[in-house]
Amino acid sequence: MDDVTAFGALIRQERKAQGLRQDELAAASGVGLRFLVELERGKPTVQFGKALAVLAALGCRVDVVRPGRQPG
Numbered sequence: 001m002d003d004v005t006a007f008g009a010l011i012r013q014e015r016k017a018q019g020l021r022q023d024e025l026a027a028a029s030g031v032g033l034r035f036l037v038e039l040e041r042g043k044p045t046v047q048f049g050k051a052l053a054v055l056a057a058l059g060c061r062v063d064v065v066r067p068g069r070q071p072g
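In terms of the UniProt record's numbering, the sequence shown is residues 1 to 72.
Since the hints were made in silico from the structure, they are not lab data.
Please note that a few of the clues may not be correct.
Claimed, not checked - Just the calculated beta-carbon pair ranges, DEER-fashion:
no., residue 1, residue 2, range
1, Ala-28, Val-4, 38 to 44 Å
2, Arg-69, Gly-19, 32 to 38 Å
3, Ala-6, Gln-47, 37 to 43 Å
4, Arg-66, Gln-22, 18 to 24 Å
5, Leu-52, Glu-24, 17 to 23 Å
6, Asp-23, Gln-70, 35 to 41 Å
7, Arg-61, Asp-3, 30 to 36 Å
8, Gly-49, Leu-20, 16 to 22 Å
9, Asp-23, Arg-69, 19 to 25 Å
10, Glu-14, Val-64, 16 to 22 Å
11, Asp-23, Pro-67, 36 to 42 Å
12, Arg-69, Arg-34, 35 to 41 Å
13, Leu-33, Gln-13, 40 to 46 Å
All figures in this text were calculated on a predicted structure; none of them were measured in a lab.
Note that the Cβ used here is the ideal one computed from N, Cα and C, for glycine as well.
Work out the full structure: start from the sequences and follow the hints.
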């Protein structure tokens, strides 16, 4: 994933795939609706911890791959 816009789009796509409204995901994640809207729009200054909470509520995880290493 190259940028925050793609990150936000991924979250929006997964939310819709799970049939959730923004307010439902915000509540399940413990974040405000405004935060989620900004996250999905790719705002570059959102709080990382809250973004991780949204991913966790969707059942997603983040994998960090160090340079020179293969994912997995």
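Each hint tested on the structure:
A C-beta distance of roughly 22 Å is found between Ala-28 and Val-4, which places it outside the suggested range of 38 to 44 Å. For Arg-69 and Gly-19, the Cβ-Cβ distance of about 36 Å falls inside the hinted range of 32 to 38 Å, so the restraint holds. In this structure the hint that Ala-6 and Gln-47 lie 37 to 43 Å apart at CB is violated, the actual value being about 18 Å. The hint said 18 to 24 Å for the Cβ distance between Arg-66 and Gln-22, and at roughly 34 Å that hint is violated.
Between Leu-52 and Glu-24 the CB atoms are about 18 Å apart, so this pair conforms to the stated range of 17 to 23 Å. Roughly 39 Å separates the CB atoms of Asp-23 and Gln-70, a value that falls within the hinted 35 to 41 Å. Between Arg-61 and Asp-3 the Cβ separation comes to about 20 Å, which falls outside the hinted range of 30 to 36 Å. A C-beta distance of roughly 20 Å is found between Gly-49 and Leu-20, which places it inside the suggested range of 16 to 22 Å.
The given range of 19 to 25 Å is broken by Asp-23 and Arg-69, whose C-beta atoms sit roughly 39 Å from each other. For the hinted restraint 16 to 22 Å between Glu-14 and Val-64, the CB-CB distance of approximately 19 Å keeps it satisfied. The hinted window of 36 to 42 Å between Asp-23 and Pro-67 holds, with their beta carbons roughly 39 Å apart. For the hinted restraint 35 to 41 Å between Arg-69 and Arg-34, the CB-CB distance of approximately 37 Å keeps it satisfied.
Between Leu-33 and Gln-13 the CB atoms are about 18 Å apart, so this pair departs from the stated range of 40 to 46 Å.
In summary, the structure is inconsistent with hints 1, 3, 4, 7, 9, 13 from the numbered list given earlier, while agreeing with the others.
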